[in-house]
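Produce the complete structure using the sequences and hints provided.
First residue of the sequence shown? That's 39 in our numbering, and the numbers climb one at a time after it.
Read the hints as simulated data drawn from the structure, not as lab findings.
Mixed in with the good hints there might be a few duds.
Derived DSBU-like pairs: lysine-lysine, alpha-carbon spacing no greater than 35 Å straight-line [unchecked claim]:
{"no.": "1", "residue 1": "K97", "residue 2": "K147"}
{"no.": "2", "residue 1": "K209", "residue 2": "K97"}
{"no.": "3", "residue 1": "K209", "residue 2": "K147"}
If you anchor each label on the Cβ, the simulated ranges turn out as follows [what the hints assert, rightly or not]:
{"no.": "4", "residue 1": "T142", "residue 2": "R110", "range": "15 to 21 Å"}
{"no.": "5", "residue 1": "A115", "residue 2": "Q178", "range": "17 to 23 Å"}
{"no.": "6", "residue 1": "R219", "residue 2": "L128", "range": "22 to 28 Å"}
{"no.": "7", "residue 1": "G121", "residue 2": "D170", "range": "36 to 42 Å"}
{"no.": "8", "residue 1": "P223", "residue 2": "P119", "range": "27 to 33 Å"}
{"no.": "9", "residue 1": "E166", "residue 2": "T136", "range": "27 to 33 Å"}
{"no.": "10", "residue 1": "E166", "residue 2": "H117", "range": "20 to 26 Å"}
Small disclaimer: the values here were computed from a predicted structure and weren't measured.
Cβ coordinates follow ideal geometry from the N, Cα and C atoms, glycine included.
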Amino acid sequence: MPPEATSDAPPAERRKPRISFGLVGQVGAVVGLVGGLLGLLFTFAPGLRPEKGAEPTAKIERADVNERATMREHLSAEHIPVGQLSPQALRWVGALTTVRYTSTGLDGKQLRLYVSLTNRDTGRIACEHTYDVAAGDGGQLTFRAWTPFPARPRRAGEQFNLHVTLFRPGKDRNELDATDRNGIPSPGVQRPLADAGALNPFC
39 MPPEATSDAP PAERRKPRIS FGLVGQVGAV VGLVGGLLGL LFTFAPGLRP
89 EKGAEPTAKI ERADVNERAT MREHLSAEHI PVGQLSPQAL RWVGALTTVR
139 YTSTGLDGKQ LRLYVSLTNR DTGRIACEHT YDVAAGDGGQ LTFRAWTPFP
189 ARPRRAGEQF NLHVTLFRPG KDRNELDATD RNGIPSPGVQ RPLADAGALN
239 PFC
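Here you go:
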């Protein structure tokens, strides 16, 4: 009987797949081509480059502060109907603040704009309001806030400080930027509402 045929080849289950270096080269060429195209794109359009880990930023500035703006003037500036407000209420005086702001990395979100009027001597808050404002897409935006003075000054020559702060979205008080206007004189006694018992019924 002829001897049994032998083979030095390993069993089928032990055979390792061979790597096609030609295929690896083709994949590398494609990756290099894509990387080169993206590099050219970001060179000519740097605004499209994703910013990894970039912190959101914002900038706010006071465009104007009208220290003696009535409620009627505020409503007129914002094209808001006066509704059922009495003539006396429409004469109530406050500070009408116009701010301009920009932000990056917050497109599509709502920022919180906090405006307060405080007594310069005591630091007590005479009026405060919080507004939800659109973050925008990096362009400059404008917002007006009317902050009424108290009905009567605590003393002659009373002055107030105006504070405007822009916060990040959410409940945490993460400040983005702020601006102030200090030393606004009191407009004096205000009695627009005969039955108003509050020191500042609009805050």
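Outcome of the hint check:
Taking the CA atoms of K97 and K147, the gap is about 16 Å. The hint holds against a cut of 35 Å. Note on K209 and K97: the hinted pairing holds, with a Cα-Cα distance of about 20 Å set against a maximum of 35 Å. Distance hint between K209 and K147 is fulfilled; the C-alpha atoms sit about 13 Å from each other, no more than 35 Å. For the hinted restraint 15 to 21 Å between T142 and R110, the CB-CB distance of approximately 37 Å leaves it violated.
One distance hint, 17 to 23 Å for the beta-carbon pair A115 and Q178, holds here, with the actual separation near 18 Å. Remark: the range hint 22 to 28 Å for R219 to L128 is upheld by a beta-carbon distance near 24 Å. Under the hint 36 to 42 Å, the C-beta atoms of G121 and D170, about 22 Å apart, miss the expected range. Look at P223 against P119: about 31 Å separates their beta carbons, and that is inside 27 to 33 Å.
For the pair E166 and T136, the beta carbons lie near 18 Å from each other, so the given range of 27 to 33 Å is not met. For E166 and H117, the hinted distance range of 20 to 26 Å is satisfied, since their beta carbons lie about 24 Å from each other.
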